[in-house]
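From first to last, the protein sequence lines are chains A and B.
Numbering follows the working numbering, with no gaps: position 85 of the first sequence is 85.
Converting from the second sequence to the working numbering requires adding 159 to each position, the first position being numbered 1.
Please keep in mind that the hints were generated in silico from the structure rather than gathered at the bench.
In this text, a Cβ means the ideal position worked out from N, Cα and C, and glycines have one as well.
Among the hints, a few may not be true.
[What the hints assert, rightly or not] Stretch by stretch, here's where chain B covers chain A in the computed footprint (C-beta under 8 Å, at least three residues):
id: 1; segment: 45-51
id: 2; segment: 92-103
[What the hints assert, rightly or not] Derived CB-CB ranges, DEER-like:
id: 3; chain 1: A; residue 1: Arg157; chain 2: B; residue 2: Asp649; range: 57 to 65 Å
id: 4; chain 1: A; residue 1: Arg13; chain 2: B; residue 2: Asp561; range: 39 to 47 Å
id: 5; chain 1: A; residue 1: Gln84; chain 2: B; residue 2: Thr727; range: 46 to 54 Å
id: 6; chain 1: B; residue 1: His531; chain 2: A; residue 2: Met1; range: 34 to 42 Å
id: 7; chain 1: B; residue 1: Gly415; chain 2: A; residue 2: Gln84; range: 50 to 58 Å
id: 8; chain 1: A; residue 1: Asp21; chain 2: B; residue 2: Arg761; range: 35 to 43 Å
id: 9; chain 1: B; residue 1: Val756; chain 2: A; residue 2: Gln84; range: 49 to 57 Å
id: 10; chain 1: A; residue 1: Arg157; chain 2: B; residue 2: Ala460; range: 51 to 59 Å
id: 11; chain 1: B; residue 1: Arg358; chain 2: A; residue 2: Gln155; range: 49 to 57 Å
id: 12; chain 1: A; residue 1: Lys12; chain 2: B; residue 2: Ala460; range: 39 to 47 Å
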Amino acid sequence: MAKSMEIEVNGKRYAVSYPPDTPLLAVLRDELGLTGTKYGCGEGQCGACTLLIGGTPRRSCQIPVSTAAAKPIVTIEGLEKDGQLHPVQQAFLNTGAFQCAYCTSGMVMSSVALLATNTNPRREEIVQSLQGNICRCGTYPRVIEAVQDAAKIMQERGR
Amino acid sequence: MNTIREKLVVEPERYEFSGPPIHQFELARREFFKILGAGIAVLLVAKRALVAQETGPGSGSFHDEELPREITSWLHIGEDGIVTGFTGKAEIGQNIRTSISQTITDELRVPFENVRLVMADTMLTPFDEGTFGSQSTPSMTPQFRRVAEAARNLLIEVAAKQWNVAPDGLVAKDAKVTDPASKRSLSYAQLARGKTLARNLPSEDPITPATEWTVAGKPFPKVEGRAFVTGKHQYASDMRLEGMLYGKVLRPPSFGATLTSYDDSAAKAMGEVTVVRDGNFVGVAAPSAHKAQKALDSIHAQWKEMPQVSSKEIFLYLKKNAQSTSRGHFRKQKGLVETGLAAAAHRLDASYNVAYIAHAPLEPRAAVAQWHDGKLTVWTGTQRPFANRDELASIFHMPESDVRVIVPDTGAAYGGKHTSDAAIEAARLSRAAKKAVQVLWTREEEFTWAYFRPAGVIEVKSGIDADGRLTAWEFHNYHSGTAAIETPYDVAKQLTQYHQVPLVLRSGSYRGLAATANHFAREMHMDGLARMAKIDPAEFRLRNLSDSRIRAVLEAATKSFGWPRKRTREGQGFGLACGHEKGSYVATCAEVAVDRVSGGVRVARVVEAFECGAVVNPDGLRNQVVGAIVQGLGGALFEAIEFENGRIQNPHFAMYRVPRFRDVPEIEVVLLDRKDLPSAGAGETPIMGIAPAVGNAVFDAVGVRLNHLPMVPHGLKAA
Chain A
1 MAKSMEIEVN GKRYAVSYPP DTPLLAVLRD ELGLTGTKYG CGEGQCGACT LLIGGTPRRS
61 CQIPVSTAAA KPIVTIEGLE KDGQLHPVQQ AFLNTGAFQC AYCTSGMVMS SVALLATNTN
121 PRREEIVQSL QGNICRCGTY PRVIEAVQDA AKIMQERGR
Chain B
160 MNTIREKLVV EPERYEFSGP PIHQFELARR EFFKILGAGI AVLLVAKRAL VAQETGPGSG
220 SFHDEELPRE ITSWLHIGED GIVTGFTGKA EIGQNIRTSI SQTITDELRV PFENVRLVMA
280 DTMLTPFDEG TFGSQSTPSM TPQFRRVAEA ARNLLIEVAA KQWNVAPDGL VAKDAKVTDP
340 ASKRSLSYAQ LARGKTLARN LPSEDPITPA TEWTVAGKPF PKVEGRAFVT GKHQYASDMR
400 LEGMLYGKVL RPPSFGATLT SYDDSAAKAM GEVTVVRDGN FVGVAAPSAH KAQKALDSIH
460 AQWKEMPQVS SKEIFLYLKK NAQSTSRGHF RKQKGLVETG LAAAAHRLDA SYNVAYIAHA
520 PLEPRAAVAQ WHDGKLTVWT GTQRPFANRD ELASIFHMPE SDVRVIVPDT GAAYGGKHTS
580 DAAIEAARLS RAAKKAVQVL WTREEEFTWA YFRPAGVIEV KSGIDADGRL TAWEFHNYHS
640 GTAAIETPYD VAKQLTQYHQ VPLVLRSGSY RGLAATANHF AREMHMDGLA RMAKIDPAEF
700 RLRNLSDSRI RAVLEAATKS FGWPRKRTRE GQGFGLACGH EKGSYVATCA EVAVDRVSGG
760 VRVARVVEAF ECGAVVNPDG LRNQVVGAIV QGLGGALFEA IEFENGRIQN PHFAMYRVPR
820 FRDVPEIEVV LLDRKDLPSA GAGETPIMGI APAVGNAVFD AVGVRLNHLP MVPHGLKAA
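The whole structure should be built from the sequences, with the hints applied where relevant.
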C-alpha cells in the first residue's frame, strides 16, 4: 500500500506517496522527473543509479524510498551551483571522459563521494572506489584522468 | 502480431543483407521551408553508394541493384545564421554528431557554435539505412563537405546578385560574404533573410582534400557535453510525456514457448491498468512502473516449451548442422590447397571456438510511443530509425508516412540496437491504452530478449615452407560470420569458406561482427606458425604481407611497444596481432601477467596502432579506439552467454562479467593520420586485435594455446 512520506532531494523537500519498498530510483525518475539518475540494471551491479544519501554513495535502485527519507539526497541535478559546474563535472568535460555518457551521472556521483573523503586519490584508490561503476563504452582511463583533474580543480577553487 | 514478430527474428550479421526498400524523399520544397523556416538550403542528390565492401551470408543480388537517385543529406542556413545539417545517422556514443559538425564548420566557414545537427528523425532527416558498418564517417564526411561547399557558393552568388558584381572575387569567411574590392560584407544571416532558396547538387563534385581542412582533423570535445555531465540530456528511457504510462511485457519462460492458458482477471481488477493480449504478446500499461510490474506479476500464464540446444553442446551442434554450400554462401578458392600443403615444411591445423556474447549497452532497449489522430510517433534508441519506422508501419498496417521515429542520442548500441522490439511493444500498449506509453527493458530482458553476437567454430589448415612463407591456407567459419574472413597474407593456394547454420539463439550484428572471431583464429594461428618456423611473430607476418597499410600499423605498434621485449618476470608474456576491415587497419601488441598459482591472467599493457585514412576528430577517435580495446577485453577473457533449454543462465551483470576499472591495462594508442586517403569509419575495427594479441601473449608466457573465446572465464587452470 502507498505510504505518504517526505524526501529531501537537492535541498528541496517533496511529499511523495508510494509503497515503502519502491526503489528510490523509481520515485526520483517517475515521480519527481529527476531522470539524470539512470536505470542500468536494477540490481546494484552497474552504478548508473549512484547518488548521495547523507553524503554516502548509494545505488538508488537498491534503496527503498522509505529508508531514504531520513537523510538529504543529492543527485546529478544537484551538483551545479549558480551556473557553475561541480569540479568533477568540469573535469569530465575537460577530459572528454564519456562516449555515450549513459554511465556518466553514476561515475560523477561516485567520484564526488570519493573526493569528499580523499582530496588527492591515487590511481589504485580511484579504481577501488569506482570498481562498481560500469562504462560499457570502455572509457575507464579517461574517467581516472577526470577524477585526478577534478582533484586539482578542487584544490584551485579552495574546495 | 504473432506472425510479424516471428519475421523479426534476425539472422547472423543481419545488416549485411537486409536492405529495406529505398525510398524517394518526398518532402516538397514548400513543405521543406515550412518546417525549417525561410533561408537557404542545399540538398545532396546522390546515387546511393552502398556498403560496397560488405559481403555477408546470403548477400545475394542486393549489391548489384541499380538504386534510385535520392537525397542523402541536406543543410539549411536560417535567417538567424544558424546552420543546421540533417542526417539519418544516429548518435550512439561514437561521437559522429561532433565530427560531422566539424566538417560543416570547416567547409561553410562559420563558428562551430552556429552549427546544429538534426539526426535520426524519420520526418526531418533523409532516409538512411542505419548507423552501422562503420559507415557514418566515410559516407557523411564527403556528403556534408559537398552540401556545405555548395551552400557557401550559393551564399556568394546571392551576395554577388545583391551587389551586382561578379561572384568570382567574393570571399566567404567568418559567417559572412565580403567583397574585398568595396570592403562591403553581408552576414550569412542577412543573406538568408526572406529567402526560400534550395539547390540540388550531384554527389560527384570533388571535395576539399584533408590537407586543407582547418577545423576537421583537430580534436574537438563532444557537442553538448554539458548536457551529459549535468544529467539533463534525455535518452529515450528518460522521456516523460504528459500522462505517460509505463509498460511491461510478459516474457515466456524460454525461447520459442507458446502461450497455452492465460488469466489476467487480477490485473484487470487493479484499476488504471491496461492489459493487452495479442497472439503470444501479453503486456500491461499502468501509471507507474511499480504498478505495471505488480499487474504483470498477477497474470497467470502457462506456456508450452520445447527442447533446445544448450551452450554446453553448441560447438558440436554448429559443426553438425552446417548447411550445404550450394546456396551461394561465401566461398573463395585460389589454387589447390592440397598441393600447397604437400609442399609445406611445417603444417599446423587447429580449431577455434567463439562463444555467444551480449552487447549489454548500459541503456537497455527503451521506447516511448504516442498515437495522435491515427498517426504514431515513437522515440527510441535504435541504430535503424527508418527500418524501425517501416516495421512499425507494417505491423500496425499503416502507411510509413503516418509513422515517425525519432532517436534521441542513445546510451550506446555496439550493433545491438538494430531491431524495433521495444518500439513495437510501446506502440501496441499505447494504442490500447490511448495514452503515451514507455517501455524500458530490464537488464534481464536486455540480456535475454535482445540478440547476441553469434557463436562459431573456425577450422584452419595451413602450411609454410622452410623460409617461413605460407604455402597453403584453408579457413572454414561455421556460423559466426564472414567479416574479415579472408586472409590479408600472401598465399598462393587458399580456400576460405563460410558455413551457414540455422539460428540457435537470436543473433545479429555486434561491433566488428565476425571480424573479431576471424582475426582471433587467424592471428592465433599465424603465431603458432611463426613459432614452428622459429621466426619472431612480427617478422613472420611481415615476411608474408605485402599490404602496405597493414605493414605500417604493425611497424608503428611494435615500435611503440618496444617489440621484441625480453621477459623480466615469471609469468610475463608478449603477443601481437594485426589486420584490416571496413577500410581501416589495426595492429595490437599486448603484455600479460599470468599467475601460475591462482591461474589469474592480467593484461598489463596494450599498444594499438590504428589507421583509418584522414582523421576527422583525433580526440573522439582515441576514445573509440581505447573503448574498443577495453570492450574487446571482455569477449577475449571472460564474456560468454550461457544457455540451456531456451533459457539464458547468466542474464545479470553479477553473472555476466564485463570489463571494469580493475581490468583495464595501461593503454597507448598510436594514430596514423593518412591525409592522402579518404576517411574510413573507426567504431569497429579497433576491437579486432586485442583477443589474439592477448592469446598470443598468454602462449608466450606459459606455453598454453587458448583456442576458445572467452579464453579464461574461470582463470587459466580451469581453461
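A quick look at each hint next to the structure:
Counting residues of the segment 45-51 of chain A whose beta carbon lies closer than 8 Å to any beta carbon of chain B gives 3, which reaches the threshold of three, so the coverage claim holds. With 9 residues having a beta carbon nearer than 8 Å to a beta carbon of chain B, the segment 92-103 of chain A meets the requirement of three or more and the stated coverage holds. In this structure the hint that Arg157(A) and Asp649(B) lie 57 to 65 Å apart at CB holds, the actual value being about 60 Å. The given range of 39 to 47 Å is respected by Arg13(A) and Asp561(B), whose C-beta atoms sit roughly 45 Å from each other.
The supplied range of 46 to 54 Å is met by Gln84(A) and Thr727(B), whose beta-carbon atoms lie about 48 Å from each other. At roughly 36 Å, the beta carbons of His531(B) and Met1(A) sit within the given window of 34 to 42 Å. Separated by about 55 Å at the C-beta atoms, Gly415(B) and Gln84(A) satisfy the suggested range of 50 to 58 Å. For the pair Asp21(A) and Arg761(B), the beta carbons lie near 41 Å from each other, so the given range of 35 to 43 Å is met.
With their beta carbons about 52 Å apart, Val756(B) and Gln84(A) fall inside the hinted range of 49 to 57 Å. Separated by about 58 Å at the C-beta atoms, Arg157(A) and Ala460(B) satisfy the suggested range of 51 to 59 Å. Between Arg358(B) and Gln155(A) the beta carbon distance is about 55 Å. The supplied range of 49 to 57 Å therefore holds. The hint said 39 to 47 Å for the Cβ distance between Lys12(A) and Ala460(B), and at roughly 43 Å that hint holds.
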